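For chain C, the structure is supplied; the task is to place chain R on it using the hints.
Sequences listed follow chains C and R, in order. Quick note on our numbering: the first sequence kicks off at 117 and runs consecutively. Quick note on our numbering: the second sequence kicks off at 117 and runs consecutively.
Please keep in mind that the hints were generated in silico from the structure rather than gathered at the bench. If a hint is listed, it holds; no wrong ones were tucked in.
Partial pick of chain R residues on the chain C-facing surface, computed with a CB cut under 8 Å:
#1 122
#2 152
#3 153
#4 178
#5 184
#6 207
Stretches of chain C that chain R covers, calculated by requiring three or more beta carbons in the stretch to come under 8 Å of a beta carbon on chain R:
#7 129-139
#8 210-222
#9 230-238
Note that the coordinates shown come from a computational prediction; the quantities given were computed from them, not determined experimentally. Backbone N, C-alpha and C define an ideal beta-carbon position, used for all residues, glycine too.
2 protein chains.
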Amino acid sequence: MKNLYRNTLIVLVLLALSSLIPDILFTDRTSGRIFVAVSDGIVAAGLIFLLISFSKKLSKINRQIQLADSGSFTTEFPEKIHDELDMLTLKLSKLFKDINKYDRLRAKNVAKSGKAFASISMNISEAVILADFEENTAILNPAAQKIWNLETRSFPLDIVVKHAQNIEFNKFLERVAGSGEEKAEVSVYFP
Amino acid sequence: MKNLYRNTLIVLVLLALSSLIPDILFTDRTSGRIFVAVSDGIVAAGLIFLLISFSKKLSKINRQIQLADSGSFTTEFPEKIHDELDMLTLKLSKLFKDINKYDRLRAKNVAKSGKAFASISMNISEAVILADFEENTAILNPAAQKIWNLETRSFPLDIVVKHAQNIEFNKFLERVAGSGEEKAEVSVYFP
Chain C
117 MKNLYRNTLI VLVLLALSSL IPDILFTDRT SGRIFVAVSD GIVAAGLIFL LISFSKKLSK
177 INRQIQLADS GSFTTEFPEK IHDELDMLTL KLSKLFKDIN KYDRLRAKNV AKSGKAFASI
237 SMNISEAVIL ADFEENTAIL NPAAQKIWNL ETRSFPLDIV VKHAQNIEFN KFLERVAGSG
297 EEKAEVSVYF P
Chain R
117 MKNLYRNTLI VLVLLALSSL IPDILFTDRT SGRIFVAVSD GIVAAGLIFL LISFSKKLSK
177 INRQIQLADS GSFTTEFPEK IHDELDMLTL KLSKLFKDIN KYDRLRAKNV AKSGKAFASI
237 SMNISEAVIL ADFEENTAIL NPAAQKIWNL ETRSFPLDIV VKHAQNIEFN KFLERVAGSG
297 EEKAEVSVYF P
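Chain C on its own, in the form it takes in the complex (with noise of 0.2 Å):
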């Protein structure tokens, strides 16, 4: 029964149209009334079912989604399936399923390429400056900060980089930046 909605429209149809036609149907008077009035009848209780049952799924489905956009991919997945509605649900659920599987997979492998960094830059006798452009950061590891004798891990990258003694090092990251150069010599000086 997974086309409720629609076979039952189709038999509404059926019905409706049936009841136009009384007298082909029957050649008795009254039992052509009593049919169509029959008729007419299973019609309107049809159409209450549909109302009913649309609107109440619908605003259960319509809720799922404001729920995801809010960012938690509920999967609740109907227990039986009777009709259209059930089976939008249910692909709703198996497409958020799926996007939550998806984004785990992606928050860790985010976290892995993170700690990796982490590690390799916490541990090395290197000096190294993390350049972010976009959050305007320049982030140094241990041996940086030994190295410069700064307290501070974290600068504003405009800061250090429009430092009138760092002309070279802001050059350098422009190269860096826009042809992927990767080894200079320059100093840097943090204020």
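For chain R alone, kept in the frame of chain C given last:
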């Protein structure tokens, strides 16, 4: 007209119910019969409209979800909102747009920390071995390749740690993974 389906269903219910009682609404029998015929005709037409519109839009939404599940979050914004399913398409498109945006942000973060790790490990003169327990790989940076005089950059981790000469190295790795210990003097042999 955001609730076109609901409103249509309500009107059809009222029409179907009123054609149950033509004798109460009309004193004249012919008028009553004409009313019943007209209202049944409208009900049939309304039902056919619902059937076609509902099936068409629902299959469009299902296609949208299916595409999303295969990884492409299409965002087809409906031009005009007439009914509940248009509204649903709109909400889904908004959601998929947000997911896309969030996904790009995540991908950027992965790329960022991956690049930071790569550029630091490529350029330092200290040897770095990146051990990935899940992927079973030990990746060497150029300095490590030079020190151990190896042409290969990547080794299966298990082959390295299970080697008889690497008992100490394996213990060290276990301590790193277990307690987060980060420093030790251990030798390692690459088979």
